[in-house]
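Student: So the chains spell out like this:
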Amino acid sequence: MKIENEDELDKIIICPKCYSIHQEVPIKDGSKALCSHCNAVLYRYDSNLAKNGLALSLTALIFFVLANMFPLIKVDILGIEQYLTIPKTFLVLFDSGFFIVGFFAMFLIFVFPLLLILLYTVLFFILYLKLAKPLSKQLLILISHIEPWSMAEIFLVSILVSLVKLIGYAQIHIGVSFWALAAYVILDIYITRHIHISEIWMLRNRIYEDDRN
Amino acid sequence: MIEIDEKDLIRCPICEAVNINKGKTNICRRCGTHIYKHHKFRTEKSWAYLITAIIAYIPANLYPMLITSQFGHREGSTILGGVILLWEHQSYPIALVIFFASIMIPILKFLILIYLLISVKYPLGKDKKINKHKLYYFTEIIGPWSMIDVFVVAILAALIHMNNIQIIAGTAATAFALSVFFTLLAAHAFDEQLI
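Protein sequences appear in the order of chains A and B.
If you read the first sequence in the working numbering, its first letter stands for residue 1, the second for the next number, and so on.
If you read the second sequence in the working numbering, its first letter stands for residue 1001, the second for the next number, and so on.
Be aware that one or more of the hints could be misleading.
In the DSS-like style, the derived pairs of lysine-lysine whose C-alpha atoms are separated by at most 25 Å in a straight line are [as the list claims (entries may be wrong)]:
(1) A:K11 with B:K1134
(2) A:K17 with B:K1128
(3) A:K51 with A:K74
(4) B:K1134 with A:K32
(5) A:K11 with B:K1022
(6) B:K1121 with A:K11
(7) B:K1121 with B:K1045
(8) B:K1128 with B:K1007
(9) B:K1007 with A:K11
(10) B:K1007 with B:K1134
(11) A:K11 with A:K130
(12) A:K137 with A:K51
(13) A:K137 with B:K1022
(14) B:K1134 with B:K1045
(15) A:K88 with A:K32
(16) A:K17 with A:K32
(17) A:K28 with A:K17
(18) B:K1045 with A:K11
(19) B:K1134 with A:K17
(20) A:K17 with B:K1022
(21) B:K1007 with B:K1022
(22) B:K1007 with B:K1045
(23) B:K1022 with B:K1121
(24) B:K1007 with A:K17
(25) A:K17 with B:K1045
(26) B:K1121 with A:K17
Chain A residues, not near chain B, derived (Cβ > 10 Å throughout) [what the hints assert, rightly or not]:
(27) I12
(28) V25
(29) L34
(30) V41
(31) Y45
(32) N48
(33) N52
(34) I62
(35) I73
(36) F104
(37) I126
(38) G175
(39) A180
(40) T192
Hint data in this document are derived by calculation from the structure and do not stem from the laboratory.
Virtual Cβ for every residue (Gly too), placed ideally from N, Cα, C.
Just chain A, with the same shape it has in the complex (with noise of 0.2 Å):
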């Protein structure tokens, strides 16, 4: 294989899933591009990509503060009535003197994922206005280090189950901000796992040269 200059590697993709080496060719608006050995998705072209990502990410950042700010479920054991929230969750570990977990807790349920989609739209919103590139660049790498400890979805499915097992012992009620988190979560899915970060590069790539030219 020969190439020009280290530039012309940004047209090289390796797939995600299975490490093949394929070549990046143009497409069609609002299309994917799929490996041809495992069938991933590679990349996709969105011509929208930031204005939608900023939308998204903004109705993420608000279900977030929603689901933080009312209780998740209620539960109503022998007339005595219990609710959960997130931060809940993890300053009863911290009182009960499980400090390791109870961090593990705050940080992957609470902090992580806050500080994800604020970050995703920052990030946006400074793309959409074809802003300061070199803080674009200290963001994506920031995300690329926060995404993997973001377990809000982990947590959403940890409630259902715990709530399974409460059946019987309990009057369950679910709150408001159960279905906010819940919303938050297919938000955050899309975003983090839907746009790949290799897309945001790319993006970023194609508004700092229209800006060059």
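Given chain A, put chain B in place with the hints provided.
Tutor: Okay, now just chain B, sitting in the frame of chain A:
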């Protein structure tokens, strides 16, 4: 004009940019991250995390995960005990979820990582490279789901703490959380390029 071999192409683990493997130190041309700094001991970091995770997994199974305290009477249940109890109470789906998340996934992940780490140094088996890459991808996807049990314990402890009836997290919760944490680190430290 640069002449490159397809085998020398590596992907930056952070920004996914394709780079040319230059040997000693590779700095990603797009994001500036060091790609696999420790060239002489490439698998050892991953081994270290993995062994820590396996050690932490032992107390996670022996100590109680959840302590139920009813009117001063305390009763602990281990991970496996909890699964069996759920099975006996005929909540099969939940028993299966907990079984998969807390027992199957961690053990499967240990085995896959051990297999991958050994197979990069000593070519055992005639598995195709593509299958190993898929296996690694699979461990990355399923890994975090073992946290379910820890979160369930945290949720139950937060929901049920009254004067008479209380659910308290047990020692195993800490051990299990650490085990999952180190398995995730081991998977991240594994250099996919070696396969």
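Student: Does K1045 (chain B) pair with K11 (chain A) here, judged by a C-alpha cut-off of 25 Å?
Tutor: Violated: K1045 (chain B) and K11 (chain A) sit about 32 Å apart, past 25 Å.
Student: Can you confirm whether the C-alpha distance between K17 (chain A) and K1128 (chain B) stays at or below 25 Å?
Tutor: holds, 14 Å
Student: Using Cβ atoms and 10 Å as the threshold, tell me whether N48 (chain A) really stays out of contact range of chain B.
Tutor: holds, 22 Å
Student: Holds or violated: K1022 (chain B) with K1121 (chain B), Cα cutoff 25 Å?
Tutor: holds, 21 Å
Student: In terms of Cβ atoms, is chain B entirely out of 10 Å range of Y45 (chain A)?
Tutor: holds, 16 Å
Student: Does K1007 (chain B) pair with K1134 (chain B) here, judged by a C-alpha cut-off of 25 Å?
Tutor: holds, 18 Å
Student: Under the criterion that the straight-line Cα-Cα distance not exceed 25 Å, is the pair K51 (chain A), K74 (chain A) satisfied?
Tutor: It is violated: about 38 Å lies between the C-alpha atoms, which goes past 25 Å.
Student: Given the proposed pairing of K17 (chain A) with K1022 (chain B), does the C-alpha separation stay at or below 25 Å?
Tutor: The given pair, whose Cα atoms are some 24 Å apart, holds under the 25 Å limit.
Student: Hint check: K1134 (chain B) vs K1045 (chain B), CA-CA at most 25 Å. Holds or violated?
Tutor: Holds, at about 22 Å.
Student: I73 (chain A) clear of chain B by more than 10 Å, beta carbon to beta carbon?
Tutor: Violated, because the least Cβ-Cβ distance between I73 (chain A) and chain B comes to about 7 Å, which does not exceed 10 Å.
Student: Run the distance test for K1007 (chain B) versus K1045 (chain B): straight-line Cα separation, threshold 25 Å.
Tutor: holds, 24 Å
Student: Would the hint linking K11 (chain A) and K1022 (chain B) be met if the CA-CA limit is 25 Å?
Tutor: The given pair, whose Cα atoms are some 19 Å apart, holds under the 25 Å limit.
In this structure, the hints that do not hold are numbers 3, 6, 15, 18, 27, 35 and 36, in rising order.
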